[in-house]
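Undergrad: Here are the chains, one letter per residue:
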Amino acid sequence: MITGLGAVSSIGASVTEFLAGLRAGRSEVRPISAFDTTGFEHAGGCEITGFEPERWIERLDPAELGRAARFAVAAARMAAGHAGLTPGVLATSRVLVAVGTTDGETRDLDRLVAQDVAEPGAMDPRIARRASASRLSTSVAREFALADAEAVTIPTACAAGNYAIGHGLDAIRAGDADLAFCGGADAVCLKTFAGFYRLGTIAPDRCRPFDLDRKGILVGEGSGMLVLESLESALARGARIHAEVLGYGLNCDAFHQVAPLEQGVADCMRLAVADAGVTPDEVDLISAHGTGTKANDSTEARAIHAVFGDRPPRTVSMKSMLGHTMGAASALAAVGCTLALEHGFIPPTVNHTTTDPECGLDCVPNESVTADLRIVQNNGLAFGGNNAVVIFGRYDEGAA
Amino acid sequence: MTDMGPVITAWSAISPFGLGADAFRAGLRGGVPAPVSSAGHAPYAPGRLVPDFDARTVLGKKGTRSMDRVTALSVAAVGELAGGPEASGTPAEGPGPGLVLGTTGSVQSTMDFTRSSLEGERPFYVDPARFPNTVMNCAAGQCAIRHGLKGPNATIAGGRAAGLLALNYARRLQAGGRAGTLFCGGAEEYSEARARLHHHGRGGPDGTVLGEGAAVLRLEPAGSAAAERDGLAEVVALEFGVSEDAGEIPAALLRCLRRALERAGARPADIALVAPGAADGPEQAALRDLFGHRPPAQADCTGLIGDAAAAAASFQVLAVLVRAEEDPAAAGRLALVTAVDHDGTLGCALLRPYPAR
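Chains as they are written, first to last, in numbering that gives the first Met the number 0: chain A, 0 to 399; chain B, 0 to 356.
Chain B on its own, in the form it takes in the complex (with noise of 0.2 Å):
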């Protein structure tokens, strides 16, 4: 493939850093993880929570009554790059801005929906204001209205590879020629619900210490002017694969690996960076596999923010871009973003951080 990939532009971040960008690039150059919010779920899994965030505080009274913490996050996040209401309208030509996000919404409007239906004196006694929250695309459609993107408007589920898979959602959208620019990225919130699904769906503590948080960059065409003028990174390759059980992950992500290399035309030695998903286990494995005794430098995250799920790979990318802004020895070669989820999907992207400027 020689035809170039969409370029990041722009990012944001609602982390559990912190909101916004400065406090998500402190954090990681800082290299202390988040703190374990006391106000966790401890019994099933602790998390690290994006501190003080409260849909009224941070979008204000209006329309932010009955809206969850995954979809605040998200028009947060979205916000910071699109701009605000006063970005609305359609451009005369071609489609207007539009929205890709990784995200499953989240399962504790979802549960509490139920139960208010099971434990309500009749069954139909539930809040119909809080009905859109309990379908997965709430977010990005909330996102759309407040903030006038009326382009596609996507949602992808993957788990904690759902960012990459995003991402080759929005590339396919602007190949051929559907959306100019995306905004591209995921979104997770900690919640008792997730904990005890995560608790009880591994039979038990696992030691994972779950995160949340929204991560959006802004895509431009190839070739396009802001690509030209604005332009982080190249999105140069995306590849994906299914395991069946967790001993088929280092062969089946390895596999992956090699066609990404192959369809960026490049070499294990031409990658100087990588963000993968974990520290241990088997994506290491397959790491270990493809770069033998010369690996590159790793930028960790998920220890940083825990397990962010939907957001994971969205963060992950972000994590490419702060350590490119600070390493000249990263910019115009390759980095790589591995994704392994625990329900089967696994996948990899290779961007290319272009100079500093």
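Isolated chain A (complex conformation) (with noise of 0.2 Å):
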């Protein structure tokens, strides 16, 4: 069960901000401050703005956290917070803290090079100490002062949070663990930038996926967070349930390190919906990992007609709005999923003119609709192959 719910996102730094955004269809497209952009065409991105760590995070030093990290912080203590946690139930609780991402603090390893360029042989102690991938999961776990927790990163870039899911998922039923901290976490960086701008899946100005005149990605950034536990816990805390993660696929294309496999996303998509213990004409709403390249979304909607025939869902990309936040893109999805079914509602793909008839899909062109939603699934498709498919359902109490 979903009992918590936390973002840090280009469209809001809050649960509330967040919905709000994802109704509104908004889209916040800035030219990008994190580096140096002299020398590139165009250089917009969905960064976060006026962002407050010390708003959110308690305990940690936020200066001793990279920008990933603090993201990854904040995020879990508005999940803390939504879903009612407090200290004692936090202190005597087993906790996974799972926390996907593609780059990790790359951020600060370009600042470290940057370093090393203008004056070779520096390199900042603090930034060198806090540039670990795996901080981002143990910063969470010291944030809440878990010193019994497993703290895990899992960094299966682009579609990482939607592993961390599956984990938390995965030890929950197990018995494993109470609570599981589950999302993803990425900070905009000058590394990921230039290599999509070299290989041309940089959007000039605007992200449109599906769109017949869709030009690619825009970098974004953030971080998604879910807490879950099981339904015996929920109840005996008394919790609200936002949605239920009820099933999600793995696998791999073992065929290319960049280009999505029709046959693979196919077959991952099959595996979720099988775990789920749903058919695919129960799916009401698809969320697509919809990256706005030309290559992703033909292929990626080819896979989704392949499994749901010729009249698949409803099928929209929260990265329209978004921007493609790397390890957190899944996870910040999920938290849009869980608040679609919660609040009844679909969350547009913005930026939209012309479906292409490649894709053949309604993606909810511009602007949100209401919807009476009880299965959703999200997508989540990486470079090296790794596909991970997540299935939620609306929680409706007393149905159980």
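Hints listed in this document are in silico derivations from the structure and should not be mistaken for laboratory results. Even for Gly, the Cβ is constructed at its ideal location relative to N, Cα and C. Among the hints, erroneous ones may be present.
[To be verified] Here chain B is said to cover these stretches of chain A; the calculated rule only asks that three of the stretch's residues, wherever they fall, bring their Cβ under 8 Å from a Cβ of chain B:
(1) 98-111
(2) 154-167
[Unchecked claim] Label-pair ranges, simulated between beta-carbon atoms:
(3) B:Arg293 to A:Pro124: 38 to 44 Å
(4) B:Ala25 to A:Pro86: 50 to 56 Å
(5) B:Gly119 to A:Ala121: 16 to 22 Å
(6) B:Gly82 to A:Gln262: 21 to 27 Å
(7) B:Arg254 to A:Arg310: 51 to 57 Å
(8) B:Glu118 to A:Arg310: 49 to 55 Å
(9) A:Glu357 to B:Ala250: 58 to 64 Å
Please dock the two separately framed chains into a single complex, following the hints provided.
TA: The structure is reproduced here in structure tokens:
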């Protein structure tokens, strides 16, 4: 059961703002400030501006955390508050912390390289100390003083948030953990921007998933975090249940480092749907990986048609609003799926003009719609052919 | 917990002792540390390197031109168990073989890529073929591509405890019916970037000798035919904790050890062998507290191959298996692996080596 949500994003740094942003179809594209963009012909992105980590982080010194860890810890604090987790409950629970990421603290590694370029041999010890990816999860555990927690960072690139949620589901189901903080975090960095730019996959202005005129991704950042616990645990402490994780699927294309494979993606969706104990026709909404690149969107759309037939469920891309938040992407989308189920609406695919007939999907263009949703699917596809798909279900009190 | 853990049925190693399980076994039995490479970046942190390891020599020219060292080490080590590209294809029923790899990839690849952007004539004059190397799941993805592993494919970060976190991830995949055969281990490369980060992160030289390599287990689900037929050891229990500073490590690790024993329904006296992450320091303080005056034998690994970071705990598991091969007294009893990472993760595993057959 999902009993808590946390979201740090470019369209809102709280669950309330995030929900309002998804409903309104907000998108905040600005010139990137993370690094010097001189020499790039276009460099817009979905950065988080005005983020105040000390608003959320209580125990740790934000200066000892990289930017991605600050996002993760802040989102975890929000999720704990949203779930009504008291220090007493946290202290007496067995806790799993699972945080997915693409780049870890590469933002810091970029800075260390820049220092070395400016002054060969120089390296700021504080930045060197905090640059490890494993700190994303240990920092969350430390923030809550969880000395007996299992803290694992899952760097399976852009599907990592879904991996973390799946791992949390398994730990709760197996009785290994009472509570799981699961999600993902990433910060905009030069390394990844330059790589995607070189591949020709950075959009010049807006991100337009499934549009005939789509030109690529916009880099984004943030963190999404979920609190998972068993039904018994949630009921025992009187927690509000926002939605349920019904199941998930994991597989690997074993085909190409960068390009997704239709067959692998379709197989992963089938695995997830079967694991959730539902059939494809019961899925009411797909939150697509939907990066906005030519290749991803058409491959993903073909895979959706292969699994769901001629009339697939409505399929949206929250990346049209959030940009591609990398390891946070499927986690933020999972927060969006949960809110959609709980509040009965579908977040739109914004910046949309003409649907690409090759995609052939109803992507709920530009404006959110109200909808009676029961089952929602969240796709995450990553470099390395790492696919992870999670299925969420609405929780109806008394129906269980 | 009475349900059985996964069963280790085979292993491979590419270590500072050389290529393959036999070289690792001989190195451990010899008890002489692998040499410190003169090619190491000594001003920062010296390293025990895998000797004469070159991706093109070991894996061939095809597809290795842009492959980084940690990826090549992983592909080679998994290849020794997965049996090369001809093993590709998904079985008719059930998930195909998968991989859970403890690694954070190559900081050298990542930092070189950034450097090429900063120093190039234009900031996007970077080598697209090397972009995938800058993402931490590159090694696991390449292993899947080259060995046809279409099952779950996960990358796990946790510093020196990554190999144990990976084992727990794999255990849950198998227990949940999500995976059949899994390859599970850790991989780390020695590089200038890693040595410099280590050096500056500690505020100067701390006497650490770094290590590298890849250590991989084949895991079969409990009760499967392969587990019954080829079992070398059962993974009995895994437990973890998080420390805020070095002073907390002994107490946090001791609680972790006690939880693992409770899970296994065992007492400290049931443990016949310990493969610790370090021969001194806070780990040993916790072990002294647990065992008192009757400590079990210890199998050293870190002292012989160096601090192999993301591969460290996986190599320690191999050290248990090697010792069990030659010590009938270890078979059937429990062996303990402990891991403490400077970024806060700590953990332990209880294994039960099977009698030799």
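Undergrad: Does each hint fit the structure? Answer for all of them.
TA: Against the structure, the hints:
Note: the stretch 98-111 of chain A has 8 residues with beta-carbon separation from chain B under 8 Å; the three-residue rule is met and the coverage holds. Counting residues of the stretch 154-167 of chain A whose beta carbon lies closer than 8 Å to any beta carbon of chain B gives 5, which meets the minimum of three for the stated coverage. Arg293 of chain B and Pro124 of chain A have their C-beta atoms about 42 Å apart, which keeps the hinted 38 to 44 Å range intact. Taking the beta carbon of each, Ala25 of chain B and Pro86 of chain A are about 53 Å apart, inside 50 to 56 Å as hinted.
Restraint check, Gly119 of chain B to Ala121 of chain A: a C-beta distance of roughly 21 Å satisfies the suggested window 16 to 22 Å. Range check, Gly82 of chain B to Gln262 of chain A: Cβ separation about 23 Å, and the 21 to 27 Å hint holds. Distance hint check: the CB atoms of Arg254 of chain B and Arg310 of chain A are about 55 Å apart, consistent with the given range 51 to 57 Å. Remark: the range hint 49 to 55 Å for Glu118 of chain B to Arg310 of chain A is upheld by a beta-carbon distance near 53 Å.
Distance hint for Glu357 of chain A and Ala250 of chain B: a CB-CB separation of about 60 Å, consistent with the stated range 58 to 64 Å.
The structure fails none of the hints (numbered hints given earlier).
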